[in-house]
Amino acid sequence: MKEIVIISGKGGTGKTTITAALASLVKNNVIADCDVDAADLHLILNPDIRQQEDFFSGKTAFIRQGDCTQCGKCVEVCHFDAISPDFVVDPVSCEGCGVCVAFCPAYAIDFNQNLCGQWFISKTRFGSLVHAKLGIAEENSGKLVSLVRKQAKQMAKKENAEYIIVDGAPGVGCPVISSITGASAVIVVTEPTLSGLHDMKRVVSLAGDFFQLSTFLCVNKADLNPDITEKMMEFCDTNGVHFAGRVPYDESTTRAMVEGKNIFEFKPGPAAAAIREIWAEVEDTLRGNKN
Amino acid sequence: MIISVASGKGGTGKTTIAANLALALAQNVQFLDCDVEEPNGHIFIKPEIEKTTTIGTPIPVVDEGKCTYCGKCQKICEYNAIAVILKNVLVFPELCHSCAGCWLICHENAISTRDRELGVLEQGKANGIDFVHGRLRLGEAMSPPLIRRVQQQLDMSKTIIIDSPPGTSCPVIQAVKHSDFVILVAEPTPFGLNDLKLAVEMVRTLKLPLGVVINRSDIGNENVRNYCQMEGIDILMEIKNDRKIAEAYSRGIPLIEIEPDYADRFRELYAQVERRVAR
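Residue numbers (the working numbering), protein chains in the order written: chain A, 312 to 602; chain B, 53 to 331.
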């Protein structure tokens, strides 16, 4: 079983569009949406939810005003400026460290687990999907990502799936680190812009240098700036990254999305053909037919 | 006044709006790029960096000569970042949130601190704009403490424009929570609408005033506009999908440079925000 994570560094380069396309192209797969902060894959996969669970993680302090002696110890020990001068905890600023709870001489602070979101196991027309929804303004997206991946792995074992296709988050921080740690390979989807180039180099370095993962690069909307696309290919050559291919700008991608379809289902155009070739390239390399 | 530019979905044009707004005002402006995971504002503002500071966060160092292995540090740590195993204390630096619990609770004063590097803070100037951004160290998971450090550079005598990271979770909250107004950038597609709704909920949780800018306004469908109308959210500006704009963006050329008419439109956007904040 191989777990392939699609990430991008920069947001909006086409991760989810490409994940949704791969989900239908790769037979015998389990799909996971690890962009728990702004999950969109369900808009294309239209999941039939079979199991729904609450996700509890982290704690928040709550000062019981009736028991509080207003001694000020909690304000003094809080390193996150989360307690107001009149001893009310701001739940958004509270990191759930519990230091105020431990130091309160009046034992006036409650410390309960947060309901941070939900996760789901669903059936879709392209296979089983594990996905999640982080509550608004909640923390611990990294832990929810780990949970989604763990569930997807169990599902893949049960179904004897060959691949897990994972839609990742933008950036290089906590949810991205959680979604790529220990994966079989990552596909970085970028766009040929200076921002795309800058962000791609960072996320490739994170995946390749830091986590030593087999890394593929796919340039979406490659015709927007052929010079930068060229630079990206050179970058792959000199940095041990597999160049998986170029996807041309294709306005049918947006129209497919509006209809809730992936690009193979809508009207397979140049982008669909390119993604088919990219997957063939990735699969060949992963099977050791190429290096 | 502090104006944040945010969006649920990535790649909708946050940096385009934030950078062009700053460039169009170009006087008494401070630009804070709080997207420390992938900062892009510098590509368009092109500041001369004058100062680079390495930013760290304190993590525990245990003096085992003083340690009695009582286990209080392990007990207070909610993040499993310190463990006492027989006569050994293990610290897991990447799990530490710098809450200070372990060094405050240690009766033997056996815990001092050292810094774990979060990243760097870079400050500079570009024609009338004070520029600040953070750059998260690769491999570092926690961006909010570095975002906090970017925000400590706030100069309240100026108009402050914050470029926020995408999403709706802790890094975004940290970036926008001190704002007077939040501009949410959305594209009129199903993904754009889904993520705009999440972003609106987030901004409403923080009780901040907001308005929407629709980018690539002629793609997709009408649902983002219908949603804004139903929710009573003002659409402050629309920018058409234009290959010329996209190509200029790809080369790091600001929108107001290739389409000078937009300079007035961005100043008008600012005036609209100002009127709403004054209300």
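Keep in mind that the hints are not guaranteed to be accurate.
Distance ranges between label pairs, derived from CB positions [as the list claims (entries may be wrong)]:
1. A:E541 x B:A330: 48 to 56 Å
2. B:N80 x A:D421: 30 to 38 Å
3. A:E570 x B:K103: 45 to 53 Å
4. A:E541 x B:I310: 17 to 25 Å
5. A:F422 x B:F144: 19 to 27 Å
In case anyone wonders, no lab produced these hints; they're calculated from the structure.
Glycine included, every Cβ here is placed at the ideal spot set by N, Cα and C.
Hints not upheld, ascending by number
2
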